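> Sequence:
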Amino acid sequence: MAMGLASGGRGRRRGRRARRAPMAEINVTPFVDVMLVLLIIFMVTAPLLVAGVAVDLPESRAETLDQSAEPVQLSIDRDGVISIDDLVVPEDALADRLAAIAEEPAPPEGRRIYLRADRRLDYGRVMRVVGELNAAGLNRVALVSVGEGAE
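Following this note's numbering, the numbering of the sequence shown begins with -8 at its first residue and continues without gaps.
These are computed hints drawn from the structure, not numbers from a lab. Remember, predicted model here, so these are calculated numbers, not experimental data. One should not assume that every hint holds.
[Unchecked claim] Restraint-style ranges between C-beta atoms, simulated for each label pair:
(1) Ala97 with Ala53: 17 to 25 Å
(2) Glu95 with Gly122: 15 to 23 Å
(3) Gly115 with Asp24: 52 to 60 Å
(4) Arg111 with Glu16: 57 to 65 Å
(5) Asn18 with Asp76: 48 to 56 Å
(6) Asp77 with Arg111: 17 to 25 Å
(7) Ala53 with Val23: 22 to 30 Å
(8) Phe22 with Asn125: 53 to 61 Å
(9) Arg69 with Ala97: 27 to 35 Å
(10) Arg111 with Ala91: 26 to 34 Å
(11) Glu94 with Leu134: 22 to 30 Å
(12) Leu134 with Ala37: 48 to 56 Å
(13) Ile31 with Arg131: 38 to 46 Å
(14) Gln64 with Arg119: 14 to 22 Å
We put the CB at the ideal spot given by N, CA and C, even for glycine.
Could you build the full structure based on these sequences and the hints that come with them?
Below is the structure:
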């Protein structure tokens, strides 16, 4: 009788060990759930992050500028429409708007203007805008281009 109990106890132990064996599989369901939620978040927010005026920029080998202070973005698209920080400005109101920008308090290093002009624009059109910038006292103008080979 003692043998029967001992063997029965061993059998139970073996059964318990079999149940307590480490799992060799990874449950990926929570991982997939998290990835799907992140995918949805990125799909919703990505279109909101891409805002601005579509401008086909020329190529250049010049180095990039330090962007420690937030510059004023002045863009001229292929149709000649002028935008300041994504707000369309009529050409006849450009001088007044630039004068208002010049009167705003500037950072210690001075106010920087980034001029983005479409490569298909007439050179004279771009120079008229640069002349308006100069007349308003905004002389720190950087011409923005795309890197070499990027289009």
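> Honestly, which of those hints from before does the structure not fit?
Hints 7, 12 contradicted; others consistent.
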